[in-house]
Amino acid sequence: MEKELEHSFVELLEKHQNIVHKVCRLYTNNYDAHNDLFQEITIQLWKAYPKFRGDAKFSTWMYRVGLNTAITLFRKSKRRINTQDFDGVEFRMKAEDYDDTEEQQLKTLYKAVHELNDIEKALVFLYLEDKDYKEISETLGISEVNARVKMNRIKTKLKTILNP
Amino acid sequence: MDELELLKKDWNKKDSDFKKLSSADLYAMLQKKSSSIVKTLFYISIAELLFWIVINSIPYFSSDSYRERLEAIYNNEHIITALTIFSYAVILLFIYLLFKSYKAISVTDSAKKLMESILNTRKVIKYYVIYNLIMAFVSMVVGMYLTIIHDPKLSHVIETFSNKQLIAFIGIIALAIVVFVVIIWLFYKLLYGLLLKRLNQNYKELKKLEV
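Sequences listed follow chains W and P, in order. Quick note on full-length UniProt numbering: the first sequence kicks off at 1 and runs consecutively. Quick note on full-length UniProt numbering: the second sequence kicks off at 1 and runs consecutively.
What the hints contain is simulated information worked out from the structure, not anything from laboratory work. By construction, the Cβ of each residue, glycine as well, lies at the ideal position given by its N, Cα and C atoms. Incorrect hints may have been included.
[To be verified] Below, a list of computed lysine-lysine pairs in the DSS-like style, where the Cα atoms sit at most 27 Å apart:
| id | chain 1 | residue 1 | chain 2 | residue 2 |
| --- | --- | --- | --- | --- |
| 1 | W | LYS51 | W | LYS15 |
| 2 | P | LYS204 | P | LYS112 |
| 3 | W | LYS3 | P | LYS103 |
| 4 | P | LYS112 | W | LYS155 |
| 5 | P | LYS39 | P | LYS164 |
| 6 | W | LYS157 | P | LYS208 |
| 7 | P | LYS103 | W | LYS51 |
| 8 | P | LYS103 | P | LYS197 |
| 9 | P | LYS207 | P | LYS197 |
| 10 | W | LYS121 | P | LYS207 |
| 11 | P | LYS14 | W | LYS131 |
[Stated by the list, open to error] Stretch by stretch, here's where chain W covers chain P in the computed footprint (C-beta under 8 Å, at least three residues):
| id | region |
| --- | --- |
| 12 | 119-133 |
| 13 | 147-158 |
Starting from the given sequences, assemble the full structure and let the hints guide the process.
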């Protein structure tokens, strides 16, 4: 029984692992911390899995556990030898996809998002993942109106950073 | 174009950047131990319980002569028994409250609810510490008073004190007790402050959104 549960869990997690990676990318800034957070989220997901009911989508459920772990449960990684920041845009992508200005804008944007506080990051993350305000408000435990207001403030904040 | 829309476009393109973990990697992760703050909080609360149980048990397990002296000081063995029963009842009550508050912590709640459950657990531990510090304070003061009264040598010495000396003597003892209690309190403030710093910050941020 336990084996079956483990098997179904790993199968689902393997399929949706990018959600966890994305949370880690947002909340950590080096490779070791990324791995530590990934592991903690995996453990938390696994601990909560027996209570996971099929009526919620596995991915939706993952967003909640992943963010909760990143915002609340995770103690910052102790390993800090490699503190070199990786800001998404750096290690990837063919240049032809973007013109210089867009590339530059994205770089600044990623940097700006990294500088937001934990709660703001969570809002941006859910927004980028195409979640509606109902789900955002339920995940964070705030009202829908407040989620909207905060999101607009973040947009303004980012706009100012980009066009000073 | 809206800045976030630009980001969104790029955000979803970059899924392939991540190192894909195999199921074997994931299985290995399941064997690892969690290092979440809830777990740390749990270990600290167990340590607290044990620490104060040991402190409470010192009179009980100490040598017979010490107990006899205690009984002589209190003049009544029932008082000691009653106090012991009371202190264990309080410990049991706290164990129950802690257990209940840990059970209420769920990673699948909303972020705010989860933070509140953890802060609630921390509150239970705080009350436990406050209770113990008050008890420690009271028993030190009472103990000191009874020792002075019942110890013939000491009370003889004190009789020779001038008024000024007596005030200084009481002042020093009172100061020592207060310092002891304050140091323990600061230690707890630091311990929990460090552990829950981020949680407190994020909780405040969430509360701020509601204003």
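Going down the list of hints, with the structure as the test:
no.	hint	verdict
1	W/LYS51 to W/LYS15	20 Å, holds
2	P/LYS204 to P/LYS112	10 Å, holds
3	W/LYS3 to P/LYS103	25 Å, holds
4	P/LYS112 to W/LYS155	23 Å, holds
5	P/LYS39 to P/LYS164	53 Å, violated
6	W/LYS157 to P/LYS208	17 Å, holds
7	P/LYS103 to W/LYS51	14 Å, holds
8	P/LYS103 to P/LYS197	22 Å, holds
9	P/LYS207 to P/LYS197	15 Å, holds
10	W/LYS121 to P/LYS207	16 Å, holds
11	P/LYS14 to W/LYS131	18 Å, holds
12	119-133	violated (count 0)
13	147-158	violated (count 0)
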